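The listed protein sequences correspond, in order, to chains Z and F. So the numbering used here is basically just the index in the first sequence, starting at one, shifted up by 30. So the numbering used here is basically just the index in the second sequence, starting at one, shifted up by 363.
Check each hint, because a few of them may be wrong.
[Unchecked claim] From the derived model, a few chain F residues whose C-beta atoms are all more than 12 angstroms from chain Z: (1) Arg403; (2) Ser440; (3) Asn453.
[Claimed, not checked] Below, a list of computed lysine-lysine pairs in the PhoX-like style, where the Cα atoms sit at most 25 angstroms apart: (4) Z:Lys309 with F:Lys389; (5) F:Lys411 with Z:Lys49; (6) F:Lys389 with Z:Lys317; (7) F:Lys389 with Z:Lys134; (8) F:Lys389 with Z:Lys339; (9) Z:Lys38 with Z:Lys245; (10) F:Lys447 with Z:Lys49; (11) Z:Lys340 with F:Lys405; (12) F:Lys447 with Z:Lys335; (13) F:Lys447 with Z:Lys62; (14) Z:Lys335 with F:Lys422; (15) Z:Lys53 with F:Lys411; (16) Z:Lys186 with F:Lys389; (17) Z:Lys53 with F:Lys405; (18) F:Lys389 with Z:Lys340; (19) Z:Lys186 with F:Lys405; (20) Z:Lys339 with F:Lys405.
Quick caveat, the hints were computed from the structure, so don't treat them as lab data. If you're wondering where the values come from, they're calculated on a predicted model, not measured in any experiment. Don't be surprised by glycine CBs; every beta carbon is placed ideally from N, CA and C.
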Amino acid sequence: MAAAAQEKIFTTKIETEEKIEPKDWMPDAYRKTNLRQISQHAHSEIVGMLPEGNWITRAPSLKRKAILLAKVQDEAGHGLYLYSAAETLGMSRDEMINSLHEGKAKYSSIFNYPTLTWADMGAIGWLVDGAAILNQVMLCRTSYGPYARAMVRICKEESFHQRQGFEILWVLSNGNAEQKAMCQDAINRWWWPSLMMFGPTDSESTNSDQSMKWKIKRKSNDELRQQFVDMCVEQVKVLGMQLPDEKIKWNEKRKHYDFGEIDWNEFWNVVKGNGPCNKERLAARRKAHEEGQWVREAAMAFAAKRNTKKTAA
Amino acid sequence: MKFSIRKFYYGDIPDEKSGGTDYRAKEDAATWPLWEVFIRSKQGLDHKHVGSLHAADAKMAIENARDVYTRRMEGVSIWVVESKYITATNPEEAGELYEPAVDKIYRHPMFYKLPDEVNHM
Ligand SMILES: [Fe+2]
Ligand SMILES: [Fe+2]
């Protein structure tokens with residue numbers, strides 16, 4: 031079929047909300063954009079296990095330990111669903127993982143911040159998973175079929191993540207003075223990086239946004255960020271805590287909360303690799319992968335041996 | 364000067380190369396093949412494709428499928444098959460494959476107009 035005819039079929043599918051599936055014809059740029067976004071999303075889930083993994087052995091009770099373990103295991107699962115979705119676009123799992131380890135592929139900057147206290151487990155669940163959920167709910171309707179299906183699966187699991195995080199903070203907020211201070215401190219440190227998760231502000235965009243046209247995305251960064259702020263301003267009241275932004279104020283005209291200016295220098299700095307934990311995170315990933323190499327190879331050798339035995343028998 | 368600012372979203376992070384390193388990943392001698400996973404969500408229902416994963420052999424594929432796809436009792440039975448054994452139709456063939464069915468509307472019950480008394484048939 032001629033390229034023009036195929037492009038027309040593709041465009042019609044996008045317009046009529048029909049999903050694009052792996053074997054369908056798609057423009058190269060659509061494939062590349064999806065591949066980049068889905069693999070980055072997968073990397074984010076995998077690297078995202080590290081800040082929380084840091085607290086599994088030190089969780090304050092057996093119950094909290096079991097919960098945190100289950101949450102971190104979920105994130106591993108999310109990474110796997112997403113890697114599988116990305117593989118349908120024609121890049122191998124190894125290629126993706128190697129480019130992460132070689133610093134060529136990115137993951138969400140939020141995971142380059144350290145987890146200093148137990149309260150950080152609460153703040154991450156409430157704010158970081160909370161911000162991720164807003165994006166992921168939107169992505170359940172993304173135009174690439176395998177990505178959308180992975181997102182539906184992930185969204186089903188995320189709500190527990192956010193709720194367990196809020197519960198951690200809620201318990202601390204009802205504790206003694208020290209616990210309350212710990213709760214507020216964690217909120218202070220995670221608030222701004224969470225806002226940055228939504229990406230640069232819309233006004234920074236000069237090109238027309240292809241991702242929106244292709245319905246990979248359906249909401250702008252600022253739209254989602256505003257939704258997040260409006261939500262958190264109400265939720266933080268339940269904790270009796272404060273968001274670290276004096277400029278947060280209800281705007282009657284916009285019917286939204288106004289909020290302060292984000293420090294974009296910090297954002298770009300972390301993206302460029304200079305955040306507090308960039309090096310540590312990459313080093314941990316590489317170490318895990320390198321130390322697992324003999325296990326992966328041994329498993330293959332064992333499978334081959336079992337196969338030859340089977341055929342011989 | 365060529366200058367453009369681009370917009371990025373969560374899960375879509377700028378390809379900022381300055382963070383790159385000279386670390387080179389080592390290739391594995393052999394990589395685990397890809398498997399497709401099918402799960403019966405409850406007794407009486409069909410197995411349904413849920414996704415894929417990598418595993419060295421069928422036994423490991425089943426174990427991994429259990430961990431990845433049934434952490435919340437989503438299934439009572441799992442099938443795995445190595446992806447390379449799946450033969451699939453091509454979207455380009457859709458016309459010749461499915462077209463012949465399009466004009467055979469007499470295969471559908473509502474093609475037949477019956478008297479009201481028996482129309483629930
Ligand atoms: Fe996740
Ligand atoms: Fe999560």
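Hint-by-hint comparison with the structure:
Taking the minimum C-beta to C-beta distance to chain Z, about 17 angstroms, the non-interface status of Arg403 (chain F) holds against the 12 angstroms cut. The beta carbon of Ser440 (chain F) is kept farther than 12 angstroms from every beta carbon of chain Z, the shortest such distance being approximately 19 angstroms. Not every beta carbon of chain Z lies more than 12 angstroms from that of Asn453 (chain F), the smallest distance being close to 6 angstroms; the non-interface claim is violated. Simply put, Lys309 (chain Z) and Lys389 (chain F) have alpha-carbon atoms about 19 angstroms apart, close enough for the 25 angstroms limit, and the pair holds.
Of the pairs offered as hints, the one joining Lys411 (chain F) and Lys49 (chain Z) holds, with about 19 angstroms between alpha carbons and a cut-off of 25 angstroms not exceeded. Distance restraint check for Lys389 (chain F) and Lys317 (chain Z): the Cα-Cα separation of roughly 12 angstroms lies within the 25 angstroms cut-off, and the hinted pair is therefore satisfied. For the hint pairing Lys389 (chain F) with Lys134 (chain Z), the CA-to-CA distance comes to about 15 angstroms; that is within 25 angstroms, so the pair holds. With a C-alpha separation of about 30 angstroms, the suggested pair Lys389 (chain F) and Lys339 (chain Z) falls outside the 25 angstroms cut-off, and the hint is violated.
Distance check on the hinted pair: Lys38 (chain Z) and Lys245 (chain Z) sit about 16 angstroms apart at the alpha-carbon level, within 25 angstroms; holds. Between Lys447 (chain F) and Lys49 (chain Z) the alpha-carbon distance is near 24 angstroms, which keeps this suggested pair within the 25 angstroms criterion. Taking the CA atoms of Lys340 (chain Z) and Lys405 (chain F), the gap is near 32 angstroms; set against the 25 angstroms cutoff, the hint is violated. Taken as a hint, the Lys447 (chain F) and Lys335 (chain Z) pair is honoured in the structure, with Cα atoms around 20 angstroms apart against an allowance of 25 angstroms.
Straight-line distance between C-alpha atoms of Lys447 (chain F) and Lys62 (chain Z) comes to about 24 angstroms, which keeps the hinted pair within the 25 angstroms bound. For the proposed pair Lys335 (chain Z) and Lys422 (chain F), the alpha carbon gap of about 14 angstroms is at most 25 angstroms, so the pair holds. Pair hint Lys53 (chain Z) plus Lys411 (chain F) holds up; C-alpha atoms about 19 angstroms apart against a cutoff of 25 angstroms. The hinted pair formed by Lys186 (chain Z) and Lys389 (chain F) fails the criterion: a straight-line CA distance of about 36 angstroms is larger than 25 angstroms.
Taking the CA atoms of Lys53 (chain Z) and Lys405 (chain F), the gap is about 30 angstroms. The hint is violated against a cut of 25 angstroms. Only pairs whose Cα atoms come within 25 angstroms are accepted, and Lys389 (chain F) paired with Lys340 (chain Z) is rejected, the gap being roughly 32 angstroms. A hinted pair counts as satisfied when its Cα atoms are at most 25 angstroms apart, and Lys186 (chain Z) with Lys405 (chain F) qualifies at roughly 18 angstroms. Among the hinted pairs, Lys339 (chain Z) with Lys405 (chain F) is inconsistent with the structure: their alpha-carbon atoms are about 35 angstroms apart, more than 25 angstroms.
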